[in-house]
Amino acid sequence: MGEGTTMHITIDGNRYEVGGETTVLEVALAHGIPIPTLCHDPYLSNSGACRICLVELEESGQLVTSCNEAVTDGLVVRTDTERVIAARRDMLDLMLSDHYLDCITCEATGACELQDLAYQYDMEDSTFGSPKERRHEKMAANPFIEFDRDKCILCGKCIRVDREVQCSFAIDFAERGFGTTVTASLGEDLGGEHSTCVFCGQCVDACPTAALTFKPSIRRGRDYQLRPVTTVCPYCGVGCQLTLKLDDSTRSVVRVAGARRENSPNPAGQTCVKGRFAHEFISHPDRLTVPLIREGSGFREATWDEALDHVAGKLTEVVAEHGADSVGGLSSARCTNEENYLMQKFMRAVIGTNNVDHCARLCHASTVAGLGSAFGSGAMTNSLDDLAEADAIFVIGSNPTENHPVIGSMIKAAQAAGSKLVVADPRWIELSEIADVAVQQRPGSDVALINGMIHVILRDGLEDQEFLRERTENFDAIRDIVADYTPQRVAEITGISAEDIEAAAHIYGGADRASMYFAMGITQHHTGTDNVLALANLAMLTGNVGRPGTGVNPLRGQNNVQGACDMGALPNVYPGYQPVTDEAARSKFSEAWGTPLPGEPGLTIVEMLKAAGSDIRALYIMGENPFLSDPDQNHVVKALESLDFLVVQDIFLTETAEFADVIFPAASFAEKDGTFTNTERRVQRVQFALPAPGEAKGDGEILSLLARRMGHEIGGYAFEDVLEEVRSLTPSYAGIAPERLHLGLQWPCPSLDHPGTKILHTEGFARGRGRFHPTVHMPAAEAPDEEYDFVLMTGRMLYHYHTGTMTRRSTAINEREPRAYVEINQEDARRLGVTDEGRVEVASRRGTVTTWARVGLTVPPGHLFMPFHYAESPANRLTDTVLDPVAKIPELKVSAVKIRAVQD
Amino acid sequence: MSPPTAVSSGAYGTFEASDPGVLIPLMQATQEEFGYLPRPEVARIADYLGLSEARVYGVATFYNQFRLEPLGKNYIQICSGTACHVKGAAEIFSVLRAELGLDDASTTKDGLFTIDSVACLGACSMAPLVNVNGEFHGHMTAQKALKLVRDIRAKERKGA
Chain A
420 MGEGTTMHIT IDGNRYEVGG ETTVLEVALA HGIPIPTLCH DPYLSNSGAC RICLVELEES
480 GQLVTSCNEA VTDGLVVRTD TERVIAARRD MLDLMLSDHY LDCITCEATG ACELQDLAYQ
540 YDMEDSTFGS PKERRHEKMA ANPFIEFDRD KCILCGKCIR VDREVQCSFA IDFAERGFGT
600 TVTASLGEDL GGEHSTCVFC GQCVDACPTA ALTFKPSIRR GRDYQLRPVT TVCPYCGVGC
660 QLTLKLDDST RSVVRVAGAR RENSPNPAGQ TCVKGRFAHE FISHPDRLTV PLIREGSGFR
720 EATWDEALDH VAGKLTEVVA EHGADSVGGL SSARCTNEEN YLMQKFMRAV IGTNNVDHCA
780 RLCHASTVAG LGSAFGSGAM TNSLDDLAEA DAIFVIGSNP TENHPVIGSM IKAAQAAGSK
840 LVVADPRWIE LSEIADVAVQ QRPGSDVALI NGMIHVILRD GLEDQEFLRE RTENFDAIRD
900 IVADYTPQRV AEITGISAED IEAAAHIYGG ADRASMYFAM GITQHHTGTD NVLALANLAM
960 LTGNVGRPGT GVNPLRGQNN VQGACDMGAL PNVYPGYQPV TDEAARSKFS EAWGTPLPGE
1020 PGLTIVEMLK AAGSDIRALY IMGENPFLSD PDQNHVVKAL ESLDFLVVQD IFLTETAEFA
1080 DVIFPAASFA EKDGTFTNTE RRVQRVQFAL PAPGEAKGDG EILSLLARRM GHEIGGYAFE
1140 DVLEEVRSLT PSYAGIAPER LHLGLQWPCP SLDHPGTKIL HTEGFARGRG RFHPTVHMPA
1200 AEAPDEEYDF VLMTGRMLYH YHTGTMTRRS TAINEREPRA YVEINQEDAR RLGVTDEGRV
1260 EVASRRGTVT TWARVGLTVP PGHLFMPFHY AESPANRLTD TVLDPVAKIP ELKVSAVKIR
1320 AVQD
Chain B
6 MSPPTAVSSG AYGTFEASDP GVLIPLMQAT QEEFGYLPRP EVARIADYLG LSEARVYGVA
66 TFYNQFRLEP LGKNYIQICS GTACHVKGAA EIFSVLRAEL GLDDASTTKD GLFTIDSVAC
126 LGACSMAPLV NVNGEFHGHM TAQKALKLVR DIRAKERKGA
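Here the protein sequences come in this chain order: A and B.
By the count of our numbering, the first sequence reaches residue 1323 at its end, each step adding exactly one.
By the count of our numbering, the second sequence reaches residue 165 at its end, each step adding exactly one.
Looking at chain B on its own, in the form it has when it is part of the complex (with noise of 0.2 Å):
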């Protein structure tokens, strides 16, 4: 049972509470919802469903899908499946991790950019494959990757 003044949970709709097999879906609407996983959240999905947020957390930590940062502003995707990484995508990823100063993290200090390297991305035939924020860029090469993000960086510059 909840404290007679906990926070209602009706924003979870057809949710079953107490049901822990909805914890994947319960999990996607919330990432769908904030962009992420917003740690609060995470704390609250294990409340309504019973389960410990140890357990909610090695759920989220397993499966790619989920993120319990947000996002950049800009989503760079640098396939490395299999054609990609013997067409040089390896360069790419680090060459753009350099230009946007990204160490550990995938996301830089300001927010505009997120970048991910990620299993095959099922163009092989226009490998080194570069997503941007969902438009795929062929034939790519460290040149080419480094001017996709500077001519963002400007546009946005300018937009702001």
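Here chain A stands alone, though its shape is the one from the complex (with noise of 0.2 Å):
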């Protein structure tokens, strides 16, 4: 039966229409009849398993389950017959056969399906008698996740979401008969040897007992004990709907489940391991809870007024010394888009300068200048929820699976589905694992590459000309520029084989609908502009933009860093990209603000930095942690130390607080309302889920008793109020209005009664036509030489996150991941005598970091890599502060160093 074709069916004597192919569950649950399940989940292939959704069907008489019953033409089924009831008790009655009964100290009690399903049906233990002794231990060697079998009912689900969605194949039945059980491979531990478990809890949430056991919250309350609150996950751009499980009365979060919403990323409830385990920052006893002045080396504890007052009246001065231009302010991507907008408004209204930036200029900067001129929008251009839709992917300079994890398990599914992978990344990622065509190109050789695949699909006809001639234009521009990257010399320049460069080529230009997500690898680049400029070239060239399944897709890193950028923490724009130099937004803004505004664009964060001591006086930074995240630490430290004044907000002590003159403690993501708006351009509501601890303030709170303070009202008690004014001044966010905020809605949204945008350029680009931008390669700035004769590159991993202020402060995940490395070939290490977790010594130019070594495949020859969240073995010492000279980020991926074993 096809789509539309119209059926009936007969339930308990009632007669529902149904439409299209479906199950007599479906159809009983659709209509509110009760059908009990425990193997059944709308998001995961029917199995059958547990037998207990039987009902009747009337002309036959026969038991079916109702889970994968399709319904046929006239189908009479009765689910209350009492064989329906005496087969569901049976079926239960072998279950509680198999299931240890110690409901009294078990973790479910009170969530468990098995166990409702008992006291509905009445039955108080097996007729067979159930288990009264454990006849298995648990299995809990990794700090996540426990294994209870004697718990277990072998629904399946938890190897089918396993499976299903989060693609990780780390778990599935073994044995047989009796001794059937779930485990991962070779029966290890989910943490084992052996084990591709990356923790991120599925399992757990859809376990209908206790079998599976958030570990950390064991003995910490049940679920009725608990208070829900659903906001949006604080670590990557993904941007999760997470419910907090609350415990008030130790002020802390207990547990996380994934929130199953419509119009959300993660529509399933999917998470990572940092969204569902790194919670406990937030009531850590290293959280700030009173402000701080310093005080010779160390800090004492103020009341807010003299803290404001002191911090009002430097600022004060220092502008009336050295005038507006000499304090400069650091936004966060941390932070809710009305905070943002805020802290762009207290540095713009108050100080009176364009002096606002945040870490995206160490992210995506070159993305939002270079789509800016592609396309007229830097953003990504389509939605999560048509990933599916890509009959081919082309990953490049991005590792999905670690950064933006839920985003991989979705690239992966797509591949599992029928979608041809191309992977392009420097180190041998997980999806290069699975990938139709995976290249090492050498780092910084990214538009080589590009250019290359543009030549062979023109030198192939899989141009897509009527977009071009349509939709496009300066075609001409890189035609001939292209001619030059011959897929012989693209392969001397990147070390991939023009067999490979062109077999990439084909599957991207071949497919109907291809789509490519990149990330840090593209843009942190000395030529980042130029390399997200090659890859707009290379979309437009086979017309895919502004379809489903395809576009150009920047995954942004950080909860809010779009929303940040948004919001105008950038100090070439206003709200909604609004340049400072045009007149009649800066005419717009300044009535809206009651203030006259500066019209020069201010300084980028490195270029803040530079001035440090010489144009900038005073910093403010708003939750960064520039001593972690920037390049070169050791003149980041410099600067730090020459400032005149420097505030400091945020919830830790961080390194960089410690070069603070007064530190302001500020609330953290659950304890605030407010909006992020995540990589899909999508507004999603940050919800209060518990009070700030100690005296701790809201971001926006603090900035707007300080602009009291300075003589200004720039409001911001009320999220509402500031969402309000924002939407008054930025017309792609004109319809995103607090009462619509449930619909999730993506910018541009430009009127109250429209419903977002999913895709981009659909009809026009936003600047009219695309346009072609002609790029040519350029080695990184700093090339290896005989002293310094390792390529570095630098990232983030799963466990961790950014400079790991919050995550290192979980225990589970601090206990799994303890340790800075870098990862080294074993070729280099067996020639250099370095060992797999032995101490290395890595210097450049800059600095030098000890470290502990991993040796394996990961990168290649001549090349390390190293995250960059560890403040005891700082990547960033390393870095060089090279800048791309349009967007100002600069070259993270590409530092010249050397490696050498030393003693413990």
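Think of the hints as simulated: they come from the structure by calculation, not from any bench.
Watch out, some of these pointers could steer you wrong.
[As the list claims (entries may be wrong)] Every beta carbon over 12 Å from chain B, so not counted as near; a handful from chain A, in silico:
#, residue
1, Val-446
2, Thr-456
3, Glu-478
4, Cys-525
5, Asp-544
6, Asp-705
7, Gly-791
8, Asp-903
9, Ser-1009
10, Met-1129
11, Gly-1187
12, Leu-1251
13, Gly-1281
[Said to hold, decoys possible] Part of the chain A face toward chain B, derived, beta carbon under 7 Å:
#, residue
14, Phe-588
15, Ile-590
16, Asp-591
17, Phe-592
18, His-613
[Stated by the list, open to error] Distance ranges between label pairs, derived from CB positions:
#, chain 1, residue 1, chain 2, residue 2, range
19, B, Ile-29, A, Gln-1106, 49 to 59 Å
20, A, Glu-1182, B, Tyr-68, 54 to 64 Å
21, A, Asp-509, B, Ala-95, 26 to 36 Å
22, A, Gly-529, B, Lys-149, 51 to 61 Å
23, A, Glu-552, B, Val-91, 26 to 36 Å
24, A, Asp-499, B, Pro-25, 37 to 47 Å
25, B, Ser-99, A, Gly-1252, 48 to 58 Å
26, B, Ser-99, A, Glu-552, 20 to 30 Å
27, B, Leu-107, A, Glu-552, 15 to 25 Å
28, B, Lys-78, A, Asp-535, 52 to 62 Å
29, A, Tyr-643, B, Ala-95, 43 to 53 Å
In this text, a Cβ means the ideal position worked out from N, Cα and C, and glycines have one as well.
Please assemble the complex out of the two chains, which come individually in their own frames, going by the hints.
In structure tokens:
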């Protein structure tokens, strides 16, 4: 039966009309007819394993599982006969005969689906006798998930969610008959040597009993004792909806459930290990709870009045003495849209400077610049819900399974369902394993690779001529340039074989719908803007913009880095990317804010730090930690030391805050209302869950109090009021009103009746026609030489986040991944006498770091990779501040270094 | 794709990579070569066929024919089919396990013996039946079975 065919089904005497393929269970549940299930999940395939959803077919008298009984026209079903009830009781009886009934101490009590059914069907015990003693030891050698085989009913939901949603393929059934069990590879623990488990915890969410439990929350409260609040994850830019389960008596998050909501990036309740397990920081004793003022080499506690007066006085003094442009502000991709809006408003309207920037400078500034020029908008063009529609997916310079894990799983699922996958990354990443073509370009050779693919596509006639003609301009400017990028020449530059370059081009160029995903591997180069422009050229050439399953999709790194950019926490634009140099925009904001505004673009992050002590005298840092996140740490230290005045507003006393003159204690994401905008431009509601510790205040409130002391009202006590102001001044957010936030609207959303925009550039490009920009290969700024003979790349890894202030305060995560490391190829390791887990020293022209080696095949010979999360082994002590000339993003992906083994 | 320096899969000969349908023949061939399925081979088979290790392990443990531990030098099967069971196979099995000091494991620490209780071997007229290294011994008693084992052990000692 196809879509649109109307059928009729009779359930318990009532006739229902059904359109298209469906099951008896789906129809029954849709009409509120109760049928119990234990193994069913609407997001997973049907297995019929638990047999509890039995119903009776009137015609044949058969008992069938309603979850996989397809509806046929005229079917007559009964869900409530004595036979059905007796059969369900038999099923329960069998399950209970193999189930350790320790409900009185069981973690799942009150939230156990088996217990609920036993209650409903009044079964105290199995007629066969339930086991009264444990038969299997619990398995919990890992810090995250405990497996209790005595509670497993073999419904298989955990296996299906692992296989179909998470795509880690970590667990399966093993053994047979009564001995059947769920196990990781070779019967090991989930954390075992052969296990591919990444501890997303979705199997625990799926488990109907206490067979799978979150280990850190054991004995800390049953579900009915905890208060649920659904909000947005504070980690990466995917912006997953999470339900925090809160214990108010300890002001803490006990555990986290994936939230299943429509209009969200993770409708099946997907999460990763960080979103699931890294919330201990909220109630950590290290949280800042009172304002601190520098006294000698330390700090003393102060009242808000004193601290605010002090900062207001000092900032006013610096402005009076050195001018408004001697003050700089770093806004925060971790804070809400409303707080970012207030920060840039504070800098522009109260201080009077455009010197406001944030860490987007260090991640996607080149994307914003490149896609802005090519398309007219710097954001991800498509949505996550159309990812699966791509015939081909091209991932370049992005490691989604570690950095955007939920998107990584979506890509794996799309590949398993038949999408072709091309992966280009200097490292051999997890996605390389399953790719149809995986190449390892030399760091800094992306333009050559992309131009080479364009060359092959043109040579073999795979371009979309109609799209070129109707939708784009300036194509002729690149034709001659790419002619030089023959596969042979590109092979020499990139180190990739000519055959692989051709194969990659054929997959991408030959697909009807091809999408591309990229991240820091593309942007963090001195050629970052060119890299992005080259990708835009490739997409336009093949007509892969503006349709589902296509697009140029930068994966934004932080929970609200998209929003911080949208809110104008950038030196050259107001909210909604309205240029500060534009007369009309400036007078609009000037009028709304009731004060004249400066018309010259301000300084970027790296420029502010370079000018510290000379042109920049005071810095106001909200929720950033440049000591660890910015390039060339020794330089950052000198910059922070040479300031006349430094204010840091944060949730912890970060390495950067150590340099501050005043520290304001701020509220974390769980302690505020507001909105975050995720990587797909979706504006989502952040919910107040817990009161802030001590006297800590929301970032917006702090800015507001400070502004008042400096004689200005900027608003800021209620997020709704700020969002209304944003709406009134920002056309792309005009329809995103507080009362519409449940819709998960994606900007542009220009009016209150607008449904939001899932795909950009569907009709025309934001700038009219898409514009081709010629790009040529330029080698990385710092080439390896005889002394510094390795290329160092920096980045992130799955378990930790950014500068580690949050994830490293999670006991479970730190137990799993406590140490900094550098990846080195096994050939180099052998030659240099470096052993796996051995101590090594890595040095660049700018500094030296000691860390531990991870020897393997992830990086090719001559290359190293270091995550930058670790204060004790800071990767950014080694990196260079050479900038992309357009976007001013530093080249964090290529530094020349040397490495040697050292004694412990 | 595999990283450029991964081990070559040439030894797998005629088995089509990425065809999960050859999983069982490939495991059989591997067991033929090693006498059992060594753990690294389970991983290698999974990698070769593009299956998860958990899946390969699941199949390997589902079928009785596969073993993840090497067999002892002498392989003793005690039939526990209906006829043998009625005629006292369980006693033979427990006496032999006690003699060989086996608790949970089925192979002795010195690797000399593996004993298994198996379903019907198809010679019910000789019940109870014990199969030692492929040779049937019928009408067994616990005493006779003990002697069989002790004789083998004595012979092994002499040989050693």
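Status of the hints after comparison with the structure:
1. Val-446: 33 Å, holds
2. Thr-456: 24 Å, holds
3. Glu-478: Glu-478 of chain A is indeed farther than 12 Å from all Cβ atoms of chain B, at 36 Å.
4. Cys-525: Check passes; 26 Å lies beyond 12 Å.
5. Asp-544: Asp-544 of chain A is indeed farther than 12 Å from all Cβ atoms of chain B, at 29 Å.
6. Asp-705: 39 Å, holds
7. Gly-791: Consistent with the label, Gly-791 of chain A stays out of reach of chain B, its closest Cβ about 35 Å off (over 12 Å).
8. Asp-903: The claim stands: Asp-903 of chain A keeps its Cβ more than 12 Å from every Cβ of chain B (closest is about 27 Å).
9. Ser-1009: 57 Å, holds
10. Met-1129: 58 Å, holds
11. Gly-1187: 41 Å, holds
12. Leu-1251: Fine: 18 Å to the nearest Cβ keeps Leu-1251 of chain A off the interface.
13. Gly-1281: Gly-1281 of chain A clear of chain B: closest Cβ-Cβ about 14 Å, beyond 12 Å.
14. Phe-588: 3 Å, holds
15. Ile-590: Since the shortest Cβ distance to chain B is 5 Å, the answer is holds.
16. Asp-591: 4 Å, holds
17. Phe-592: At 5 Å from the nearest chain B Cβ, Phe-592 of chain A passes the 7 Å test, so the hint holds.
18. His-613: Status holds, d = 5 Å.
19. B:Ile-29 x A:Gln-1106: 49 to 59 Å: 52 Å, holds
20. A:Glu-1182 x B:Tyr-68: 54 to 64 Å: This hint holds: roughly 59 Å between Cβ atoms.
21. A:Asp-509 x B:Ala-95: 26 to 36 Å: With Cβ atoms ~31 Å apart, the hint holds.
22. A:Gly-529 x B:Lys-149: 51 to 61 Å: 59 Å, holds
23. A:Glu-552 x B:Val-91: 26 to 36 Å: 31 Å, holds
24. A:Asp-499 x B:Pro-25: 37 to 47 Å: 42 Å, holds
25. B:Ser-99 x A:Gly-1252: 48 to 58 Å: 56 Å, holds
26. B:Ser-99 x A:Glu-552: 20 to 30 Å: About 23 Å separates the Cβ atoms of Ser-99 of chain B and Glu-552 of chain A, which means 20 to 30 Å holds.
27. B:Leu-107 x A:Glu-552: 15 to 25 Å: 24 Å, holds
28. B:Lys-78 x A:Asp-535: 52 to 62 Å: At 54 Å between Cβs, range holds.
29. A:Tyr-643 x B:Ala-95: 43 to 53 Å: 49 Å, holds
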